[in-house]
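Colleague: Residue numbers (the working numbering), protein chains in the order written: chain A, 331 to 661; chain B, 331 to 661.
Take the hints with a grain of salt, since some may be wrong.
Identical copies go unnamed one by one, so any copy, or any two together, can satisfy a pair.
What the hints assert, rightly or not - No farther apart than 25 Å at their CA atoms in a straight line, the calculated lysine to aspartate or glutamate pairs in the DMTMM-like style are these:
{"hint": "1", "residue 1": "431", "residue 2": "660"}
{"hint": "2", "residue 1": "603", "residue 2": "633"}
{"hint": "3", "residue 1": "431", "residue 2": "364"}
{"hint": "4", "residue 1": "607", "residue 2": "594"}
Note that these hints are calculated values from the structure, not bench results. Fair warning: this is a prediction, and the values are worked out from it, not measured in the lab.
There are 2 protein chains.
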Amino acid sequence: MDYSNFISLLLEGNPRAAARLITFVENNFEAAEEIINSIYEYTGNAYILGITGAPGTGKSTFISTLTKRYVDQGKKIGIICVDPTSPLTGGALLGDRIRMKQNFSLNNVFIRSMANRGQLGGLARATEDAIKILDAYGCDIIIIETVGVGQSEVDIFKSAETVVVLLVPGLGDDIQAIKAGIMEITDIFVVNKMDLPGTDKKVAEIEQMLEFRKSYKYESKDFKDKFAKINQWTPEITKVNSKTGENFDKLLGLIENHKSFLEESGVISNYMKNRIKSETIEILKYKLTKKVEKLIHSDEKIEQYIEKAIKKSLDPYSMADLIIKMLGLEK
Amino acid sequence: MDYSNFISLLLEGNPRAAARLITFVENNFEAAEEIINSIYEYTGNAYILGITGAPGTGKSTFISTLTKRYVDQGKKIGIICVDPTSPLTGGALLGDRIRMKQNFSLNNVFIRSMANRGQLGGLARATEDAIKILDAYGCDIIIIETVGVGQSEVDIFKSAETVVVLLVPGLGDDIQAIKAGIMEITDIFVVNKMDLPGTDKKVAEIEQMLEFRKSYKYESKDFKDKFAKINQWTPEITKVNSKTGENFDKLLGLIENHKSFLEESGVISNYMKNRIKSETIEILKYKLTKKVEKLIHSDEKIEQYIEKAIKKSLDPYSMADLIIKMLGLEK
Numbered sequence: 331m332d333y334s335n336f337i338s339l340l341l342e343g344n345p346r347a348a349a350r351l352i353t354f355v356e357n358n359f360e361a362a363e364e365i366i367n368s369i370y371e372y373t374g375n376a377y378i379l380g381i382t383g384a385p386g387t388g389k390s391t392f393i394s395t396l397t398k399r400y401v402d403q404g405k406k407i408g409i410i411c412v413d414p415t416s417p418l419t420g421g422a423l424l425g426d427r428i429r430m431k432q433n434f435s436l437n438n439v440f441i442r443s444m445a446n447r448g449q450l451g452g453l454a455r456a457t458e459d460a461i462k463i464l465d466a467y468g469c470d471i472i473i474i475e476t477v478g479v480g481q482s483e484v485d486i487f488k489s490a491e492t493v494v495v496l497l498v499p500g501l502g503d504d505i506q507a508i509k510a511g512i513m514e515i516t517d518i519f520v521v522n523k524m525d526l527p528g529t530d531k532k533v534a535e536i537e538q539m540l541e542f543r544k545s546y547k548y549e550s551k552d553f554k555d556k557f558a559k560i561n562q563w564t565p566e567i568t569k570v571n572s573k574t575g576e577n578f579d580k581l582l583g584l585i586e587n588h589k590s591f592l593e594e595s596g597v598i599s600n601y602m603k604n605r606i607k608s609e610t611i612e613i614l615k616y617k618l619t620k621k622v623e624k625l626i627h628s629d630e631k632i633e634q635y636i637e638k639a640i641k642k643s644l645d646p647y648s649m650a651d652l653i654i655k656m657l658g659l660e661k
Numbered sequence: 331m332d333y334s335n336f337i338s339l340l341l342e343g344n345p346r347a348a349a350r351l352i353t354f355v356e357n358n359f360e361a362a363e364e365i366i367n368s369i370y371e372y373t374g375n376a377y378i379l380g381i382t383g384a385p386g387t388g389k390s391t392f393i394s395t396l397t398k399r400y401v402d403q404g405k406k407i408g409i410i411c412v413d414p415t416s417p418l419t420g421g422a423l424l425g426d427r428i429r430m431k432q433n434f435s436l437n438n439v440f441i442r443s444m445a446n447r448g449q450l451g452g453l454a455r456a457t458e459d460a461i462k463i464l465d466a467y468g469c470d471i472i473i474i475e476t477v478g479v480g481q482s483e484v485d486i487f488k489s490a491e492t493v494v495v496l497l498v499p500g501l502g503d504d505i506q507a508i509k510a511g512i513m514e515i516t517d518i519f520v521v522n523k524m525d526l527p528g529t530d531k532k533v534a535e536i537e538q539m540l541e542f543r544k545s546y547k548y549e550s551k552d553f554k555d556k557f558a559k560i561n562q563w564t565p566e567i568t569k570v571n572s573k574t575g576e577n578f579d580k581l582l583g584l585i586e587n588h589k590s591f592l593e594e595s596g597v598i599s600n601y602m603k604n605r606i607k608s609e610t611i612e613i614l615k616y617k618l619t620k621k622v623e624k625l626i627h628s629d630e631k632i633e634q635y636i637e638k639a640i641k642k643s644l645d646p647y648s649m650a651d652l653i654i655k656m657l658g659l660e661k
């Protein structure tokens with residue numbers, strides 16, 4: 331298929347072309363390959379914000395208010411809602427997104443849901459490609475929202491420059507609900523619904539938790555090499571009211587501070603490297619699996635190994651090693 | 331670590347050794363490699379039954395009754411409960427299993443739950459290894475139970491020789507709840523709770539559905555090659571009452587028939603091949619990913635590619651292709 335027409339329209343800022351191209355990369359690995367290859371040079375301008383929080387923390391209203399602020403500054407926003415647990419919870423999230431869409435003009439705000447439909451090459455890969463499409467489409471800020479259930483978010487947030495985690499007063503176990511892995515990659519904690527009692531208690535709880543946390547992303551080995559001394563970012567904590575917009579000026583300032591920190595400290599270049607590495611690993615996993623599957627179903631030597639395995643004289647782990655040798659990959 | 335002591339005990343039929351070894355293979359890929367290599371020659375005697383059904387179809391009672399029948403025939407049974415959606419639903423399933431354990435002697439029936447804890451190498455790989463451990467342990471029949479939510483079951487059932495799917499009268503949407511992929515690999519449909527009204531209607535619904543189904547596993551290309559003419563198995567349908575044991579004689583006969591069919595038609599040898607192939611593919615995926623990750627984080631040439639990618643002159647898909655070339659795997 332020829333995607334060049336869609337790509338021209340995308341670069342002109344056509345939202346329908348963006349939507350179609352995201353569908354293509356979601357459903358077809360070969361399409362993704364071709365599309366990303368064509369648009370890659372036009373990417374790299376968007377700032378990527380990761381936002382998560384347990385159910386009930388008011389993510390939709392928070393994102394709507396934040397988006398409105400950015401739109402008022404003349405910015406173009408992309409919102410990608412990623413639900414790794416779908417189809418189980420896909421319905422509810424989708425309804426939220428439809429309501430959100432009604433608040434904005436299609437020209438300023440592009441909203442898209444992505445669910446785990448067992449995509450070839452994984453949801454993380456498809457999300458990465460959607461980010462690139464919205465980047466080339468001209469978004470200044472791309473918000474990646476997830477539902478906060480664990481390892482999948484951590485993978486998806488690998489490309490987020492600033493990660494914001496939402497909590498609410500009183501919910502009590504929302505801190506526990508957000509898995510350890512998420513905590514460690516959070517740059518800004520936001521206590522939403524600050525009009526409710528217990529807001530300051532929740533802020534204190536987060537402060538306490540931060541004292542006990544074992545590591546923060548800039549302390550991991552990926553960030554340690556060149557910039558160890560200057561990589562000091564202490565996760566910020568703030569409280570907001572998403573319904574009234576209270577304290578959003580402060581929040582926008584904190585996001586801006588974190589962005590400046592990344593640039594001035596040089597951390598941003600490590601970020602970009604890590605992002606490219608993890609994307610390439612995802613793509614390689616898919617490609618190598620395809621190769622191995624093809625080989626296993628057609629090679630004569632492997633037929634002989636399988637016969638041996640059936641006779642119990644060769645186990646699958648040893649067979650895997652023999653195939654790695656066959657491929658010349660022992661080292 | 332040296333597993334030889336546990337393995338000797340396993341081969342003597344020590345249930346604690348079986349439990350420990352399953353924990354080892356679950357948590358550690360290298361342990362799995364070593365353990366499976368040592369026990370592989372003692373496997374191949376167990377018959378593997380896959381059982382699934384939507385929540386509410388009475389899987390626990392059904393499996394208890396079926397297990398009791400086999401125990402009365404002097405057979406040793408292994409039950410592996412696989413929950414791909416865990417930790418979300420792990421608790422409920424676990425409670426069921428504890429109740430089930432109380433009904434049986436540890437010497438005749440070994441029960442184990444396995445959940446998706448993001449294991450290295452995947453849940454399907456860990457389940458495969460647990461099957462082998464219970465096979466070497468001396469189980470005559472190994473029951474793999476899953477919760478029936480989709481693609482994960484299909485992967486897990488790749489090693490099951492006979493797949494049984496449970497339904498109940500009246501539930502209405504249980505047929506829809508069981509995903510298309512599961513339907514196609516089902517050998518025997520069981521309408522449980524046959525004392526409830528609507529049992530015959532449910533049987534008729536399944537019959538109707540079978541008429542419309544597009545394909546059945548023996549019609550897939552994996553089974554077509556040698557045995558196309560004789561691979562005729564029409565999925566059976568029966569109704570049972572798991573509480574009273576009504577119709578279990580018939581069910582046991584159907585399972586026995588299917589087993590004979592597999593052996594007499596020669597399909598069984600295709601099964602074994604496919605099982606070994608898919609196991610080896612899972613293992614290779616893990617090993618190749620490890621290799622690629624190591625390479626990407628250390629190779630100098632790749633550092634240069636990453637610099638190019640940062641400058642937007644090389645996209646991750648093209649970079650993946652260059653790495654495949656570097657590995658000598660273009661073809």
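Colleague: Is it within, between, both, or neither for residue 431 and residue 364, if the alpha carbons may be no more than 25 Å apart?
Modeller: Cα proximity of residue 431 and residue 364: none, with 29 Å in one copy and 54 Å across.
Colleague: Could you place residue 603 and residue 633 in one of the four classes (within, between, both, neither) given a Cα distance threshold of 25 Å?
Modeller: Result: close only across copies, 9 Å inter versus 41 Å intra.
Colleague: For residue 607 and residue 594, with the copy left unspecified, which applies at a CA distance of at most 25 Å: within, between, both, or neither?
Modeller: within (22 Å within a copy, 51 Å between copies)
Colleague: Check residue 431 against residue 660 for me: Cα-Cα at most 25 Å, and say if that holds within a copy, between copies, both or neither.
Modeller: neither (52 Å within a copy, 45 Å between copies)
Violated hints, listed in ascending order, are 1, 3; each of the other numbered hints is respected by the structure.
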